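Novice: Given the coordinates of chain A, work out where chain B should sit on it, guided by the hints.
Chains as they are written, first to last, in the UniProt record's numbering: chain A, 1 to 744; chain B, 1 to 153.
Don't read these hints as lab results, they were simulated from the structure.
If you're wondering where the values come from, they're calculated on a predicted model, not measured in any experiment.
Derived coverage of chain B by chain A (criterion: at least 3 residues anywhere in the stretch with Cβ under 8 angstroms from a Cβ of chain A; other residues may be distant):
(1) 30-41
(2) 66-76
(3) 96-103
(4) 119-133
Straight-line C-alpha distance at most 25 angstroms; calculated DSS-like pairs for lysine-lysine:
(5) 88(B) <-> 684(A)
(6) 201(A) <-> 692(A)
(7) 201(A) <-> 88(B)
(8) 588(A) <-> 624(A)
(9) 584(A) <-> 729(A)
(10) 114(B) <-> 684(A)
(11) 605(A) <-> 560(A)
(12) 343(A) <-> 605(A)
(13) 343(A) <-> 354(A)
(14) 588(A) <-> 729(A)
(15) 574(A) <-> 692(A)
(16) 560(A) <-> 584(A)
(17) 351(A) <-> 560(A)
(18) 88(B) <-> 211(A)
(19) 114(B) <-> 211(A)
(20) 684(A) <-> 624(A)
(21) 88(B) <-> 218(A)
(22) 203(A) <-> 88(B)
(23) 560(A) <-> 343(A)
(24) 584(A) <-> 624(A)
(25) 584(A) <-> 574(A)
Glycine included, C-beta positions come from ideal geometry on N, C-alpha and C.
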Amino acid sequence: MTQMKMSRRKFLITSATVAGGLSLQLVPIDAMAATGKNGGQRDSALSPWLTIQADDTIIVTVPTPEIGNGASTQQAMNIAEELACDWQRVNVEFASFSREYKQPGSYAVGMQPFFGGHSTDHERMPYTMQLGASARERLKLAAAQRWNVSITEIEARNSVLKHLPSGRTLRFGEVAAEAASVVLESEPSLKPQSEWTLLGKTKPHKVQLPKVVNGSAKYGVDVTRPGMVYAALRQSPVHGGLLKSHDPEAVLSMPGVRAVVVIDPSATPGSPVDASPTFGFEGSECRSGVAVIADHYWQAKKALDALPVEWDDGLGAFWNSDEKIHERQDRILDRWAGAPLTKSGNVDTVKAAKTIEATYRTPFCEHATMEPLNGTALYTEDSLELWHSTQDMQQAFWVAVDESGVHPDRVTIHQTMVGGGFGRRVIGDDVRAVVAVARQYPGVPVKVIWSREETTQQGAYRTQLAARFRAGLNEQGMLESLEGETCFSGMALNLGFTDMAYAFSGAIPNVRLAASNLPMHIATGAYRAPCYNAHAFTVETFIDECAVAGGIDPLEYRLKLLADWDPAWSHCLKLAAERAGWGKPLPKGQGRGIAISNWPHSGEKQAGATVCAVAHVEVSQEGKLTVHSIDFTFDCGRTVNLDAVLAQLEGGIIFGLNMSLNEGLTIVDGAVVESNFDRYPMLKMADIPEIKIHLEALSGHDRFAIIGEAPVGPIGPAIGNAIYQAIGKRVRSTPFRKQDLSWS
Amino acid sequence: MTTIKFTVNGQAQSLDIDPTTPLLWTLRDHLQMTGTKFGCGIGMCGACTVHLNGNATRSCLIPVQAVDGADIATIEGLSESGDHILQKLWVELNVPQCGYCQSGVLMAAADLLKRIPNPSDEEIDANISNICRCGTYPRIREGIRRAAQEMGA
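For reference, chain A alone in the conformation it holds in the complex:
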């Protein structure tokens, strides 16, 4: 498979000498033949993927931003597996999309379609592993030539080349320069998985951690440039509103203040060439606002706070309350007229013994990345340089081109460390605002920092949605029909809903799932496992209600519905239940609940990561909810770095906890009410239940499914279902902290 993919994509590995060492590039053959796309000029500069220096230092260049999931470490591991190098000497640097633009295919083609995403993807592994293998063989051949021996007598291990018959050795670095000019007859084939020594066998910590723990890691907000100034900004509190008036004179004489600039969405210059942003420009548009530029951030912020500003709220003010949003959603759902997405059988002709219907709601949620939005840009009339903690450098690059009007040949982007992403730093509205400000203060590097309040109120939120389900149960209590409609605002993805396993497992003869849209003005975007993060709750709560209505244990009910599905789902359910003591009696006010989901599987078996949680909760009579423990099982096929997987599971579980217990933005008169952690609470150390992750449901199926998003899903519904078992109250919306859980 590995070889096929390499040959189908027609890649060449080319080498060069760099600073006395060896550097390898991946070059697509068709890109070599073609003139540069995007109007870019062919360019002979290096776009190295892998560099081995004379002092044995290994530098792996990574196009994937590091948002904390270990993506860069994973790519380095893939290369190191074949390179036979000393892992301690491996360093990681971020590729720049500017190189990709100037030499199309340097980093993007055949890998991921964009400079974001998941470097752990199965598809990316062969390329990176081939790089490692190619470098190793070149080093061996260089040593063979130096010693005048056969390459078959040379072993590479731990960055040392050894001539086995004589015992002579050379370090990688000693022959790296020579290795750059040797010619391989053919690229070596890759080791079979059974011979891997690093992948799946070791679990190294993330390579950047030494810099993180001593404070030297540079996130976007840490970028410092000579002569840099700072900007603080405020944008229309009602998204889509416009700046009506402001009075710069009131603040221009304040200490350190240099300028007050307007962010005007209609002033975007536009890209001078055809642009290819990963996700298009929709959602990246400027938000009308104003920024104060000063010598220091505190001066800019003080002046901004003192700046008189008036807004024209625009049409968004129509949405005066959450109740109004819900009422309009219900009006749409009452019609059961959404566009059908999934259909089998005929739900209209079913004669059910029992019918149940319920509506679920999940609110707008803010990513709340710990690093507030920010960016640094230096604009001149004919160039732009940008430093940014983006999650997608290709998107950021093109947004920067579009907002500066500068030709992409003269736009340079620098990827920094990312202080939390979760989808917030994808679409590039933050990049655009930074460039819009810097463009008006040319010749000087400007660092633009959103306050926490501005970050929170100018989000690109998880969309709020409602989902209504109607089920017909037969005499045995099982589902004869399932109808569902989700009414959402914003991104039309519907993952976790249209692809719910229950609709594909064959256990429900009649299924109809539909979607409808409630257009709103509030900016939405990707949020850790888009749509799925909400629908895992709506689907798994409704299935639980069906089980209760059918008089069947919720675990047994799911096992029946999934009997002909990927068996790993049943294994996950059974193992989590067993480990959590499912069925053992609990005191009044306590309960267990179960939920299972998968991301991403698109209705396929043995795909994505299947995740299952059993929550054990206690609810006091006053309604105080305590989550005692989460037993968690999963199947992502196999793992290449188990500790990295466990870290993502722990983090995802806690993210799912916070999302379900705490998170929900309130809309009043079109604007978001919450602005900081005082009203948008985050779980802390003391709030974390016992989390027990069990490994034994891992199927060993030949896939390394991405794992960072799936665990967010089943936590909320498991807790909600446990609340029902504890007190008999069914919770149909999140966050749970806003529900009345009192009982007597």
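Specialist: Chain B only, in chain A's frame:
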């Protein structure tokens, strides 16, 4: 502008500065010490935690005039070469994810261990009130427990 004098990681500093500037921005903008992070600006998240005269303090709420004459320690000064036991364990146990909050967490944890060498879970809960959006809390707890063990051994 006022002249404020204090020490940071043992080095004397003298700044002509707006005395209301929070210590956080003083460190970051005026001294280019960016290891101390801006998270919320209202003292809730703890990303900006430093040691003020030896005690863990949220630097976003302290105006620089309040630290005139004080000794400040930041993440850059937690150890000579990144080898404080917590820093070593943080790497070994793969504690950070995005890592942004961890300077503050480390400063809070170092302060806790100095005051309570072998903290109970309840004492950890009560003293580490930092926010970590990535959800590294279980590993933070494990790191503090391990550090307490190794320091006691």
